[in-house]
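Protein chains in written order, with the numbering used here: chain A, 150 to 488; chain B, 927 to 1320.
Mimicking BS3-like on lysine-lysine, the simulated pairs with C-alpha atoms at most 27 Å apart in a straight line are:
(1) A:K180 with A:K228
(2) A:K488 with A:K417
(3) A:K447 with A:K182
(4) A:K290 with B:K1001
(5) A:K282 with A:K469
(6) B:K989 with A:K319
(7) B:K1105 with A:K319
(8) A:K319 with B:K1021
(9) B:K1001 with A:K319
(10) B:K989 with A:K372
Hints were generated in silico from the structure; no laboratory data involved.
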Amino acid sequence: MKLVKLVALTLSLTLMMVGFAYAGKDLDAVKKKGFLQAGVNGGVFGFGMPDEKGVWRGLDVDTARAIAAAIFGDADKIKYTPLTAQQRFTALQSGEIDVLTRNATRTLTRETQLGLNFVTVNYYDGQGFMVPKKLGIKSAKELDGATVCVLPGTTTEQNAADYFRNNNMKMNPVVIESTSELAKTFFAGRCDVLTSDASQLAGTRAIAPNPKDYEILPEIISKEPLAPAVRQGDDNFRDVVDFSVMAMINAEELGITSKNVDQMLKSKDPVIKRFLGVIPGNGKALGLDERWAYNIIKQVGNYGEVFERNVGVNTTLGLKRGLNALWTHGGLMYSVPFK
Amino acid sequence: MPQKTEPVQSAAIPFWRDEAKRAIVFQIVALLLVAGAGYYLYSNTQENLARQSIATGFSFFDKEASFEIGESLIKYSAEDTYFRALLVGALNTVKVSFIGIVLTIILGTIVGIARLSSNWLMAKLSAGYIELMQNIPVLLQLFFWYAIFYEAFPSPRQALNPITGLFFSNRGMIFAIPKAHPAHAVMGWALLIVLVTGWFLNRWGHRRLDRTGQPFPALRITFALAVGVPLLIWLAYGAPTAMDIPVLRGFNFRGGITISPEFSALLLGLVLYTSAFVAEVVRAGIQSVGKGQIEAAMAIGLHPGQVLQRVILPQALRVIIPPLTSQLLNLIKNSSLAIAIGYADFVAVTNTMINQTGQAIEGVTLIMLLFLFFSLSTSLFMNWYNKKMALVER
Chain A
150 MKLVKLVALT LSLTLMMVGF AYAGKDLDAV KKKGFLQAGV NGGVFGFGMP DEKGVWRGLD
210 VDTARAIAAA IFGDADKIKY TPLTAQQRFT ALQSGEIDVL TRNATRTLTR ETQLGLNFVT
270 VNYYDGQGFM VPKKLGIKSA KELDGATVCV LPGTTTEQNA ADYFRNNNMK MNPVVIESTS
330 ELAKTFFAGR CDVLTSDASQ LAGTRAIAPN PKDYEILPEI ISKEPLAPAV RQGDDNFRDV
390 VDFSVMAMIN AEELGITSKN VDQMLKSKDP VIKRFLGVIP GNGKALGLDE RWAYNIIKQV
450 GNYGEVFERN VGVNTTLGLK RGLNALWTHG GLMYSVPFK
Chain B
927 MPQKTEPVQS AAIPFWRDEA KRAIVFQIVA LLLVAGAGYY LYSNTQENLA RQSIATGFSF
987 FDKEASFEIG ESLIKYSAED TYFRALLVGA LNTVKVSFIG IVLTIILGTI VGIARLSSNW
1047 LMAKLSAGYI ELMQNIPVLL QLFFWYAIFY EAFPSPRQAL NPITGLFFSN RGMIFAIPKA
1107 HPAHAVMGWA LLIVLVTGWF LNRWGHRRLD RTGQPFPALR ITFALAVGVP LLIWLAYGAP
1167 TAMDIPVLRG FNFRGGITIS PEFSALLLGL VLYTSAFVAE VVRAGIQSVG KGQIEAAMAI
1227 GLHPGQVLQR VILPQALRVI IPPLTSQLLN LIKNSSLAIA IGYADFVAVT NTMINQTGQA
1287 IEGVTLIMLL FLFFSLSTSL FMNWYNKKMA LVER
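When you get a sec, could you build the whole thing from the sequences and use the hints?
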């Protein structure tokens, strides 16, 4: 039972808090352990979900793999903990996981009151609404009095309530803890509308009995910068996670892919040479192998590759790059210089 | 020489050899250890939470909750405080537990008695019901009933409408209620007065029976008054019949009263599951009454109803109440499974609160305290009732 797990996590959090204070050596602990424990979604197609062979796939999963590649030089030195929306922060706080890559929105409260550190955004999302086409609704403004299926324990509940309040509409929420149970309930017609992050809506639609019967409304009612998070207390580890995400974006900016990365090692460009560790310095600064960025690109790929592989237009989700395109292509993906 | 061995001897026993004093010392040490451990846990948790900049305390109580709740007994909107949201959740837990307990006792008693019936079919059906319900995990039963509610019933636009003012759809059961009228309040008060009078009447009737041996039909009189008096008041007000009939407007029905599928599924699952256990408790209680007693009661000419009421039940209840209490507590605790099927009970609301404020320790503490409170008060009430029912030796 999920509640039991939540209680257990909370109790273990209490005990952790009692036992010792962090020495600020999360990175050392991970290195010593020999693998990275990553908290992932477990039920969202395209972001974090095991495939039919039991292999974990998704944008968030690949982000976690990139971090493992940076630390160990091997993207497979990783273990996954599937978490519900409610368990995720507690699991991170209590030390059950090292890093959270589970479509979590970065907010002020989470950053401060939860004692978390979010890093570079790996997916810019926003909350939307999905309705059955047969209702004939074209805009979220027509939803007055609707019954709304909401996943609990997310900013989603609050956003939906805010949106309906702002537009003087009434809503009648149905809040169910498990994503799959909620989706079933929605497909059976218990609710008129399902609200969640647009990417999750697309993922849910992909598993509908008949995906063509559902439509995502044009209104995006919130900003949801989804980012990996770590505990506060080890700035070095935070940097490693941060620059692992950024390395994938930087590689796309520089035109380095998993296919051409070996040739790129011979590049004359000092920017690329510094990035791939041919000119050493970056690795030492982060406390990693000089080849860390090379390992990420070689084993996981650049951001564009990861996006297209998991959620892009040629996948079931069929998402366009949109806000997640490089800044040079009108998106928001932007890497700081690697020097 | 004066003899002074005796007082010297008693004073000479050191306290560590004196069993009574030693016991006191041990208890003080144990108490100090527990208190010290408690203080250590508390202060260390506080300190480390502060070090990790995780907020603590209950100051979020009066902040705006800013999320909606599906169903509520009191007026609630997203503008209200977290405290009120938690109150809504607590009342929802009370609602499902209270109605669940009443229905469980009724159904459990019926099934328990039917299990002992001399009618073969009835006894076997009850036995089958008990075996089936007891042996399927309650969470699965909840999913099953919930799926039935949302899969089997049509959408609001095609809602089933068996009689005027009653609708069945996958949004729940919606039915008409009388439009608000001043007569209703008067009728309610009159009913309350009748019930209180009836209680005193019943007590007086019992005393008269003990004193003179003459029965007094207090229950029947109370029942007649309880129906008659409100009816007369209703007629006196000119028999207002205006109804608040639900109409389909936009997505959902407006007006009338809606019983949500989430509530129905939770109630049904909890009642069917727990009543199977209660039925066995009732059966055991009845079987604990000696056969000779029943035969003796019939021999002195009591009819079956009187045998049940005067001989079997008073003795069976003593056996039934303690295990019944534990089953009722199980029902209350199981109501926390509500979150799995979307009923906004205390746990569900607290979970949302935890996620928005991030204060898991406070939230889980609140859940534990509330369930402890509900369970203890139910226990207290049942213990009081148990004492009242206990055999009074004369």
